[in-house]
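Peer 1: Those protein sequence lines, which keep their order, are chains U and A.
At position 359 of the first sequence (counting the first as 1) the number is 349 in this note's numbering, and the numbers step up by one without a gap.
Position in the second sequence (from 1) plus 9 gives the number in this note's numbering.
FYI, nobody ran anything at the bench for these hints, they're computed from the structure.
Wrong hints could be hidden among the right ones.
Unchecked claim - Pairs of lysine to aspartate or glutamate residues, derived as EDC-like cross-links and limited to a Cα-Cα distance of at most 20 Å, are as follows:
no., chain 1, residue 1, chain 2, residue 2
1, U, Lys110, A, Glu179
2, A, Lys131, U, Asp251
3, U, Lys108, A, Asp103
4, U, Lys108, A, Glu179
5, U, Lys110, A, Glu92
6, U, Lys18, U, Glu357
7, A, Lys214, A, Glu159
8, A, Lys100, U, Asp30
9, A, Lys242, A, Asp231
10, U, Lys82, U, Glu132
11, U, Lys(-8), A, Glu159
Source: prediction; values computed, not measured.
Chain by chain, the residues:
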Amino acid sequence: MKVFVAGMGVFTALGDNCAGNLSSLLGKRHGILASSRDIDTLMGDFPIAKIAYTNNELAAKAGISPSWPRTALLGVIAAQEAVASSGLDFTKYRSGFISGTTVGGMDSTENFFYSYSKNKSAGHISRIINHECGKISHLIAENIQATNFVTTLNTACSSAANAIAFAARMIKSGRLDIAVAGGTDAITAFTLNGFNTLLLLDDELNRPFDARRKGLNLGEGAGYLVLVSEEIARQNNCQILAELSGYANASDSFHQTALSDEGNGPYLAMECAIKMAGLSASVVGYINLHGTATPNNDLSEGNAILRLFPVKIPAISSTKSFTGHTLGASGGVEAVYSVLALINQTTLPNLRFEIPMPGTELFPETEARKIDLQNVLSNSFGFGGNCCSLLFSKV
Amino acid sequence: MDLYINGTSSISAFDSQHGLPLDNADRFTCTEPDYKSIIDPRQLRRMSRIMRMGLASAIKTLKVANVQVPQAVITATGLGCLEDTGNFLVKMCDPDNRMMNPTAFIQSIHNTMGGQIAMHLKSNCYNNTFTQDVLSFEHALLDTIMLLEEGTIESVLLGGIDELTVLKHELTSRLSKAQKESEGYYGQGEGSAFLSISGLMSSVKLEKLILSQHPNHSDISDYFSNHFALGEKTLILKGKNGGNRDEAYKLTEFILGTKPTIEYKKYCGDYPTSCAFATWLASEVLKQNVVFDAIPQPKHVLIYHAYPDRPHSLIHLSTC
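The task is simple: from the sequences and hints, build the whole structure.
Peer 2: Now the structure itself:
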């Protein structure tokens, strides 16, 4: 059985819908405009890709309560766009919501802890009730009426990609007709300080796949696909944006926070996703890289690509040079970007690339370039060695 | 496809050798094994408590199942690695003493146990982590069943893990007071329970997982009625926690009211992935490794969870 993409929605620092994001990507306008000090005044000054709306503004935009954690607010706006763009009546079918997130309601929990750390009996305890990752999905699913099955995956930065793969399997096994799948994560002081203690943040704008890359910039956002079975697509005469033709999950099994130099997990995830589609690597026209711009990730991913494509390297780029690293959401955001690349038959630029990594001679796309695209690969790799690749094919 | 549980291991407050913990304890803390005999002491030093519990029960499960390397590792955790999350948060939010530790951040993420298990096994296998509150374990079990049905792999290591920390106990107690949780609440708990599942025949069969979506949960009621019509010796393990949320169990009271039942959270406490403990306990009961006085030895165990405004779940295990 085939699984198709029948709708999508995305919200990042580049814009609050697919059209806005695409226009920024093609026009090479990045969204890494804020500072870590806007979130945490005690931190050093690191560039971040923060969405300009306040929580109250987001809530008004989505028509929901401002008491929701930011991760849920960002997620519901992208999910609403995805649902609307599909034109499907979710209440007529078995509809599910499958989402990845790493921070859950952490921004709200932090607010509580700032009071609690001064005085153990202080702070509004109600602020922690939506802390759990699963609560975020529950809130969003109720809002978009995709409640027949709701679950959450947290495999660090591959969470959303794994959510999309799991959703496709739910449809293929006949358990769901429609699934909204992807991920959402807000920037929080917790993640900013966490990545800072690991010395993984660049104090300048990130440079994915460049020899001089120093680390990542954090971003926030959400991206969701509406996945449907062939039958639902036919019954509803759905607009088909792409086929999700392959996906694969593999462990790198090397280190908790670093990938193996040779990129075993990334290689297996890409290879198995292509195999699943019954294709050979040579038909992949563009790879939306995980490309975090940390020295380790890009080298590992680059080496895996060199091994998998020994003859001709497809067009590659990391859109994290625009959005920053949106963590658990990145697989969803970049799945949307991959489908946008496929629909528009274009590569997406990789900003600030000048010098290839020594020994790899990998040259990411620096401009949006019109090409003939049949298959696009989207990579997501996370802490714990959790790797996942998705393959989208033109229909 | 017929699926079987080939091995299990659990770390919980329940001690099957030395008797059961007292009913209505304030909290249920795990009786932990001597990890040095299970995990390399050099690794052990760097591991948080929840990682130790997870990795130790994973290793023991594979040993019992005689599986060297499973083809998938699927973990479930409702709240993730709370000790490290709490440590990092408390330090971060204290402006006078802001000494944040990268290890706490690294180990705070929910897939820490899954990643560590894969690394321990040096395996490039499928690895996923589910975190959907009280249904996390059931969803991980669903993934297990789907993977095995898809036929690309033959064995799955599945586990549910949550830890109870001092901070969690304090904050949840405060929250319960704010939400007026009732008197009879059994108390908070924690645990790690792993299962090795495959198509290889063993004495414990995984018959069915139902996640009910219907507002009246009639699919679960029908399953109960059909099952009891067969007259098989059956034990019900109910996920009641003694508090307000138990209202949801009233829906099936007309069928289950008189059947042999154990409210298993009296032994492990209330925590999001306690269903993993229940599945371990069911397997032990079917193998007669755990015997409850006054309950006839069952051939079937039905593990039932009911929640207000959430899907209800049913896991059915049997022995031949």
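Peer 1: Are the Cα positions of Lys242(A) and Asp231(A) separated by 20 Å at most?
Peer 2: Within the cut-off at roughly 18 Å; holds.
Peer 1: Between Lys110(U) and Glu179(A), does the CA-CA distance stay at or below 20 Å?
Peer 2: With Cα atoms ~10 Å apart, Lys110(U) and Glu179(A) stay inside 20 Å; holds.
Peer 1: Is Lys108(U) within 20 Å of Asp103(A), Cα to Cα?
Peer 2: 7 Å, holds
Peer 1: Lys82(U) and Glu132(U) were given as a pair; does the straight-line alpha-carbon distance stay at or below 20 Å?
Peer 2: 15 Å, holds
Peer 1: Between Lys108(U) and Glu179(A), is the straight-line Cα distance small enough, at 20 Å or below?
Peer 2: 16 Å, holds
Peer 1: CA of Lys110(U) to CA of Glu92(A), is that 20 Å or under?
Peer 2: 17 Å, holds
Peer 1: Please verify whether Lys131(A) and Asp251(U) have alpha carbons no more than 20 Å apart.
Peer 2: 15 Å, holds
Peer 1: If you draw a straight line from the CA of Lys100(A) to the CA of Asp30(U), is it 20 Å or shorter?
Peer 2: 14 Å, holds
Peer 1: Checking one constraint from the list: CA of Lys18(U) to CA of Glu357(U), max 20 Å. Satisfied?
Peer 2: OK: Lys18(U) and Glu357(U) at ~8 Å, within 20 Å.
Peer 1: Would the hint linking Lys214(A) and Glu159(A) be met if the CA-CA limit is 20 Å?
Peer 2: 19 Å, holds
Peer 1: Compare the distance between the alpha carbons of Lys(-8)(U) and Glu159(A) with 20 Å, and conclude whether the hinted pair is satisfied.
Peer 2: This hinted pair holds, its Cα atoms lying about 15 Å apart.
In summary, the structure agrees with every hint in the numbered list given earlier.
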